[in-house]
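J.: With the sequences and hints as input, model every part of the structure.
There are 4 protein chains.
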Amino acid sequence: MPEMNIMNNLKETVIVQVRFSEVDALRMVWHGNYLRYLEDAREAFGRKYGLDYRMIFDNGYITPVVDMHLEYKQPATMDDILDVEICYRAAKGGKIIFDYTIYKQKDKSLVLTAGTIQLFMTVEGVFEPSCPNFYAEWKRKWHQL
Amino acid sequence: MPEMNIMNNLKETVIVQVRFSEVDALRMVWHGNYLRYLEDAREAFGRKYGLDYRMIFDNGYITPVVDMHLEYKQPATMDDILDVEICYRAAKGGKIIFDYTIYKQKDKSLVLTAGTIQLFMTVEGVFEPSCPNFYAEWKRKWHQL
Amino acid sequence: MPEMNIMNNLKETVIVQVRFSEVDALRMVWHGNYLRYLEDAREAFGRKYGLDYRMIFDNGYITPVVDMHLEYKQPATMDDILDVEICYRAAKGGKIIFDYTIYKQKDKSLVLTAGTIQLFMTVEGVFEPSCPNFYAEWKRKWHQL
Amino acid sequence: MPEMNIMNNLKETVIVQVRFSEVDALRMVWHGNYLRYLEDAREAFGRKYGLDYRMIFDNGYITPVVDMHLEYKQPATMDDILDVEICYRAAKGGKIIFDYTIYKQKDKSLVLTAGTIQLFMTVEGVFEPSCPNFYAEWKRKWHQL
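Protein chains in written order, with our numbering: chain A, -16 to 128; chain B, -16 to 128; chain C, -16 to 128; chain D, -16 to 128.
It is worth saying that the hints were derived from the structure and are not from the lab. In this text, all values refer to a predicted model and were calculated from it rather than measured experimentally. Treat each hint with caution, since some may be false.
Just so you know, same-sequence chains aren't split out, so a pair can sit in one copy or run between any two.
As a list, the in silico SDA-like pairs of lysine to any residue whose alpha-carbon atoms are at most 25 Å apart [to be verified]:
1) K91 / F117
2) K78 / Q0
3) K(-6) / H52
4) K87 / F40
5) K56 / S113
6) K89 / G43
T.: Here it is as structure tokens:
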């Protein structure tokens, strides 16, 4: 059922204009600043699919990043406009897993690939071992189970 | 009474090693990053004289910066170690005013002078028009009235 | 000559979505992060009026900020979208002076006013005492003399 | 030869005081700011063992991070002082590989583990496929071959 497959594929893209203050002494984007762009993408994803920090917080949770992997393919620089793509990866239980790719807009050349894993933590600071109900419902709604 | 004058002069100095990530494409400290160094100095001052954010918060307040003035005299760069001096300036009412000077440690040449004004705001987000009692007491203790 | 006055009034506005990573422990934009927004505005101004860092650099100069004054009127927070307005202020000689105002887009309430002064520095790091020719020409072109 | 093993084990530790501006709206260190601490550790390592950016640059190279993996074990917060340990991992060819662990100083509880891979790039921006001579010599000197 290809329609289903498309349905399952939750994606978003944000456009980032590199800031002067994000470039380092080598005139490349400082490698730590890409984490801001990934977070921009996560927030845009959350707004698009109803999984934003506020909705999560209202359910009593925060979702810290517990694992992150980045592969830097090519440096971006001051005049670059970047496409930051985020894709939700279905997984069992209470994990939120995203894959990311960043391209230069002008030539679609690859800048970075990355992955993050987030877990649910109560606002009191305790990791949630099971999958919160509201997140199980969210996954059902978007056919991610 | 000179002893008094010395007493009145509340000062602290912090040493900052410039980070690679704080330097911009021109290999100078990005002008916005000096605000981190000034904040380092404010926090060290607070720890030294018992006017730290936690003590203030426990009294029901936060103290946002409402006014800031910076004069950049000379760029600092990657190999520089900086002395950041902070000096409390006595003022009437519920204001916290600091003056700052930043020097290169190696030759004591001037990098920046700055001033900040902070006001008291309740944790509910309302500016406090009068001087909180605990701050009036703090000023008395340190002969700043 | 009102047409002239309008002509003289060089302005630009950029829209900034506050990032999660720009908000501090008090859930307000950390006061140092506004300097990024002001720089966004300066860069947009430069692109609009042909006074960008690259054109300046190709003429042998950089233009460090040497003086900055900020007045914080109201904290911005995570869900805010901000209008950052920049206005060029005509001045004699080799100074670039900008005034800024930042508003919350939703209610046009004032968040910050600021001013910056930039000077010309050769790429070798020496401040230029006189007004570079290309900048004098730029001012003439835009009726800023 | 245990002496050799100890010799081979190149390590450094830096102490980081968490800054107010590095903490996010949840009063935890924003996950991207740990990359600053890792870079602090890399720079301290470089100074200790003579593999700093300046020596590398004088040899015609820069060493961008091309791969980074982070596991966040526990959030650090505003009052924390952190020990950031960096350990060089011997590898064939022109790779610089480091492992990191970050602890809270007060109770030695684990905050983060991480690994980075850096490659040599010429200052013209081309990745170096082979191992530069000066790096091969550095490895020999420190018994890392």
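J.: Evaluate each hint against the coordinates.
T.: Evaluated hints:
| no. | hint | result |
| --- | --- | --- |
| 1 | K91 / F117 | neither (37 Å within a copy, 36 Å between copies) |
| 2 | K78 / Q0 | neither (30 Å within a copy, 27 Å between copies) |
| 3 | K(-6) / H52 | both (19 Å within a copy, 23 Å between copies) |
| 4 | K87 / F40 | between (34 Å within a copy, 24 Å between copies) |
| 5 | K56 / S113 | between (36 Å within a copy, 18 Å between copies) |
| 6 | K89 / G43 | neither (42 Å within a copy, 28 Å between copies) |
When each numbered hint is compared with the structure, violations occur for hints 1, 2, 6.
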